[in-house]
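Trainee: Each chain, letter by letter, is given below.
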Amino acid sequence: MSPEVVTELPRHLLSIGDLNHDQALLILDTAEELAKISDAPIKKLPTLRGRTIVNLFYEDSTRTRISFEAAAKRLSADVINFSAKGSSVSKGESLKDTALTLQAMGADAVVLRHPESGAANRLAGWTNGVVINAGDGTHEHPTQALLDAFTIRRHLGSVGSDLNGKHIAIVGDVLHSRVARSNVLLLNLLGAKITLVAPPTLIPVGVESWPVDVSYAIDEVLPEVDAVMMLRVQSERMQNSFFPSTREYSRLFGLNLDRMNLLQKGALILHPGPMNRGLEISAECADGVQSVILEQVANGVSVRMAVLYLLLGGNIGVGS
Amino acid sequence: MSTYLIKDVELVNGEKVDIGIADGVIAEISSKPSKSYENILDGSGCVALPGLVDLHTHLREPGREDAETVLTGTRAAARGGYTAVFAMANTDPVADTAGVVEQVVRLGKEAGWCEVFAVGAVTKDLAGESMAELGAMAHSAAQVRVFSDDGKCVSDSQMMRRALEYVRQFDGVVAQHAQDPKLTVNAQMNEGTVSARLGLRGWPAVAEEGIIARDVLLASHVKSRLHICHVSTAGSVDIIRWAKSRGIDVTAEVTPHHLLLSDELVESYDPKFKVNPPLRSHEDIAALRMGLADGTIDIVATDHAPHPAEDKECEWAGAANGMIGLETALSVVQKTMVDTGLLNWSQVADRMSITPAKIGRAKGQGIALAVGAPANICIYDPSKSKVVVAEEQISKSKNTPFVGIDLPGQVRHVFFQGKPTMISTEMVAR
Chain P
1452 MSPEVVTELP RHLLSIGDLN HDQALLILDT AEELAKISDA PIKKLPTLRG RTIVNLFYED
1512 STRTRISFEA AAKRLSADVI NFSAKGSSVS KGESLKDTAL TLQAMGADAV VLRHPESGAA
1572 NRLAGWTNGV VINAGDGTHE HPTQALLDAF TIRRHLGSVG SDLNGKHIAI VGDVLHSRVA
1632 RSNVLLLNLL GAKITLVAPP TLIPVGVESW PVDVSYAIDE VLPEVDAVMM LRVQSERMQN
1692 SFFPSTREYS RLFGLNLDRM NLLQKGALIL HPGPMNRGLE ISAECADGVQ SVILEQVANG
1752 VSVRMAVLYL LLGGNIGVGS
Chain H
66 MSTYLIKDVE LVNGEKVDIG IADGVIAEIS SKPSKSYENI LDGSGCVALP GLVDLHTHLR
126 EPGREDAETV LTGTRAAARG GYTAVFAMAN TDPVADTAGV VEQVVRLGKE AGWCEVFAVG
186 AVTKDLAGES MAELGAMAHS AAQVRVFSDD GKCVSDSQMM RRALEYVRQF DGVVAQHAQD
246 PKLTVNAQMN EGTVSARLGL RGWPAVAEEG IIARDVLLAS HVKSRLHICH VSTAGSVDII
306 RWAKSRGIDV TAEVTPHHLL LSDELVESYD PKFKVNPPLR SHEDIAALRM GLADGTIDIV
366 ATDHAPHPAE DKECEWAGAA NGMIGLETAL SVVQKTMVDT GLLNWSQVAD RMSITPAKIG
426 RAKGQGIALA VGAPANICIY DPSKSKVVVA EEQISKSKNT PFVGIDLPGQ VRHVFFQGKP
486 TMISTEMVAR
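If you're matching them up, the sequences are chains P and H in order. Here the numbering used here is used: the first residue of the first sequence is 1452, the next is one more, and so on. Here the numbering used here is used: the first residue of the second sequence is 66, the next is one more, and so on.
Simulated from the structure, these hints should not be mistaken for laboratory data. There's no promise every hint is true.
List of simulated lysine-lysine pairs, DSS-like, C-alpha gap at most 27 Å [what the hints assert, rightly or not]:
| hint | chain 1 | residue 1 | chain 2 | residue 2 |
| --- | --- | --- | --- | --- |
| 1 | H | K428 | H | K449 |
| 2 | H | K174 | H | K449 |
| 3 | P | K1487 | P | K1547 |
| 4 | H | K309 | H | K428 |
| 5 | P | K1547 | H | K461 |
| 6 | H | K309 | P | K1547 |
Next up, chain H with everything else stripped away, as it sits in the complex (with noise of 0.2 Å):
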């Protein structure tokens, strides 16, 4: 295995040192390295983060592989400096038994982009009817730890009891997606002044808030741990703020779309703004924001949500829901959380790694820079801009919303278990 340094670079708390890489670990962080290297980096302007974990990431295969492979998203997932990408379960066919599971963990394997860790279904097929395998997941090969219906929410409230209950005994987690079907039929866009003049049924924040509500009380009754997907609205940040000064167990995440975007994009009924949950307004953005500085929010993940072209160039109604985002996740912390004096780089690291490994149980990933530990690194350079360009995104849809958008910092090294996937912004063949 080649060895690695890289020159100059900061540290998270600002220190200014070299970072050597050998046989799959961090073999010293020093400002005067002692061993020698056969490739030398330059890391002269960037921060070095440990590689991003996504906890929110649709991978589409199988199935819809038109849209997204195992493959082609980890390798934009390395882009974008992830070092390991949670698959959500709503393929199809669905991840809703051990064979499935395996079979998205070995085309990661295969891929070697990034780690892919697996997240099974709640509920068979995602009906929402009955439980899955769950056990027989968790003790697969592919370890699942992470349960979730995502793109449909589990709205009956004994099936979302039992399956906090239940995977308290492999230590896993249910991931919600905070919805009440019932409230969001047909449901188009965030429902207020802007939903109000362009005649698209509103999705109303209180179909997030009320099952968000449900679910940390259920979690605190039945003493298990629960996870909020894509938390969207000022009120939910409100509720799980509450929550977690109650001791209740939960912790959520945000999508970048989110901190960044607006619902009066929606005006352009172009529905490269069309996502679920939907664009809020910028009282929602404010909270959003302000709930991932102090903490109530605990993480950042994409929801990386690829569609071909066709999907998306009709009318809005016929629309397929969702964004990429994970090549340009970090751009967007960095410009709506770190340029606004809202974190610092330790606090990116914290709720765009540690955190998400920590939630996800990665073993692994997550893991502080330092002498020993698995060389999973991003190295970041802050002072770059670049404005988004649709066509230049590697993954296999071009769904990004961020078009024309000049956002802050670039990826330039990233390490993947001591291999490199990106030098000096090029992409490294596997």
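So here's chain P without its partners, still in its complex pose (with noise of 0.2 Å):
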């Protein structure tokens, strides 16, 4: 056993931001020794015996509220699933009363999930358990990111590695996805060169801080890259003219087949899902070969078996 392996994570996990490189491998190391027992017979592990999770979510993501449950549930945690229809903003009780409500309760750690950017973050200020943002608004969604990572690199690198000098494409609406801004963060922490591609208005002003390449031409992209992640686009950007229409969008910037050809043989392509089949991406390229999105979704429940796991204070030793 090395001694990385004793490497502590922060308290939270709010943001990507918060990992240093070797804390981000931990994780998907870890993950990749739990995934083990979702092949198992007997999908549970007692390590987390006795503890409570909420799954604190205000808004609906059945998806993301699934796989956390999965994740507890499989170390063995206690759930409960608090769905809490709109936020402070729209009156009702405050973030502040239900973390506070909360913690007298006993939960060891919440889930958040927000529709806006900086719940995580606050709430992390009134409870003395583990926050995890299960993704703020258009902040951050950093499980995803490692998910995305883990999946990447089951098919591009191995255990214990990174992705260092693999070059992703993020396509789609970055200016608004807490995906890509989590992605950013992790993909460059591993070494990745990142290209992010969309129309000028769905690109955040003052990304020239960003690591990263900025194209408005996917095609120039395409048959450079390892990976291309789709992201979703919301129809009613259209109604604010972030473009004139989803036809457009889709002819410049969705993947087709005629644009999956572009691509390296082996190139991934990914979506965190859900999916626009027909405007994003289309169904030849979500359920083609080169897809690894249903992956991604398996991936999302070791990866956060291994956040509550590391979190929350298991001490299996990776690798041992």
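Join these two chains into a complex; the hints should help.
Mentor: Structure, rendered in structure tokens:
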């Protein structure tokens, strides 16, 4: 066992920016270990027995909630699902009061999904428990980035290694995407080269401070990359004139059969889901041999197990 | 009325004198006072400034007495060295009628901590659709001279033109909250590298600069007086500098928080840093300081904006905009402008008392200390320093962004119309 495995994670997982290179690798390597459980006939470890994890969801996100719930249950934790309608923005109990209530009930960890950026940071200031950001507004979605990196590494790298030298394109609504923000931080941390592809209206002002290249021409980028990550495009962006029509968006930035043929053999296609088939990604691409979209879903459980396990003080040595 | 002698105090020109106060006026300024006084106060180590005048204060009454009242807000003002404040119009009900502005002024008189001037709304209910009865407010007992929809921009070009023209008949001024509403829908913070990282919707500098550019041109066209509230960007400073060079009758204010704090503080997602216009970049801060130093920006105004704790103890987007600032303004100006060599005390008196009174037509306020002048005086000790503690603010709300910052200076004595409101850093019961 090497000494790096005692690398400690920060108290909470609010942003990928809170992690260093070794901590990110520790999560990915731990997830590899825990993935074996998912393949075993009895998919359960006793590690978090007696611990309570609250899934506090202010936004509907069935897939993320179920993924965290499965992860927690495979570690034998007690799971409480708390679906709060609206936020304090739209009246009702304040996030702070909810935090204090959950703490009084003895929650060891809160997994928070919230429509406002920074909500997880605020929650962490009000509770003694561990806070895991499961998506806050247009800020970050750290476990999504971790499962994306995990998925990419499974195909293009190996356990214990990072993504040094790999080139990843992130295509779509970067401006409003928490997935993109977390992925930029994590892929950069792991040594990958990143190219963002989107119409200029969907690239944030200030992007020049990010460790990325920006392109408006997807056809020039696709032949160069080892993986392409398509982001979900919300059709309501059209009403605000971020682009003229979904058809034009699809023509200029959608991944279709012709564009898939521009990819190198072995290059991966990712999508965080849920997909708008026919808008940012065509059915042939989503279901084709280069797509790893369903693997992302499966890997999500392993990565979230690793995060819960490491943050809640599990102590199996990785690789032992 | 009791008489007072403030001993061994420095005037803004550095001269060391005693200042005698009797019958509401300055009785003498002399190194050897000839009269006798009932109370002797120590002014050693202090600079004597004319009582400060804040052109931009939210007193919240009527409507949000849970955040601040005229009484608590003016008391906080007195503690900060102010002898006059202009109460902004965005109360509930809005100060868009003679009745409301007269109420606010009357409450100020009853409180007695400093003089309260009412700002009248430009448009009814701040809705931007029809002009409020500006003449009625101007000719009321409140004698309103400053009109503002602050909190909202008078964004309609024709409405702004008409308001600028109309207030000229009673020597009024329109104080514009410059914010293009379409460019700032649901905007949360300065648009730039920090907003890109934090995923908070951007409030771009151009949304302020575009309105200021339009308004100085409108003011030029109709030959009216325009005041720009809380200038926050380097580009705005450039536009105002250009306008002044063309002889356009425009004045501008900057807040203490925009002189000191940058948008990087938003990384905490702590809404105590949420304000409108938002905290900007270091480049903007540098340009604002230079603008205030060279006179492009005429005055410092606090935009004192009290909010109860529950309006800040929430997620960023749900939190209210605004910061309190009356009690810390002079210290922040010392830190950012005096200790950096950009302003001397004479210029501080100009930018925090004399010129704001002139812009607001505040008779009896903002008068340089002289024998016979009303005794509105702030005696300030620049040698002290103190770390700001939220709970120690006497404003009803505690939403100061300066918590934990070591600020220089301390107000020692304050006189309002010849009566002390603060003696030896203690508030004097009214």
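Trainee: Verify the proposed pairing of K1547(P) with K461(H), using a straight-line Cα cut of 27 Å.
Mentor: 22 Å, holds
Trainee: Decide if the proposed pair is consistent with the structure: K1487(P) and K1547(P), CA atoms, cutoff 27 Å inclusive.
Mentor: 38 Å, violated
Trainee: For the pair we were handed, K309(H) and K1547(P), check the Cα-Cα distance against 27 Å.
Mentor: Measuring from Cα to Cα gives roughly 48 Å; hence the hint is violated.
Trainee: Given the hint that K428(H) pairs with K449(H), test it: the Cα-Cα distance must not exceed 27 Å.
Mentor: Answer violated: K428(H) to K449(H) is near 32 Å, above 27 Å.
Trainee: Against the 27 Å threshold, does the CA-CA distance of K309(H) and K428(H) hold or violate the hint?
Mentor: Between K309(H) and K428(H) the Cα gap is close to 25 Å, so the pair holds against 27 Å.
Trainee: Would you check the hint for K174(H) and K449(H), treating anything up to 27 Å between C-alpha atoms as holding?
Mentor: 32 Å, violated
Hints 1, 2, 3 and 6, counting from the list given before, are not met by this structure.
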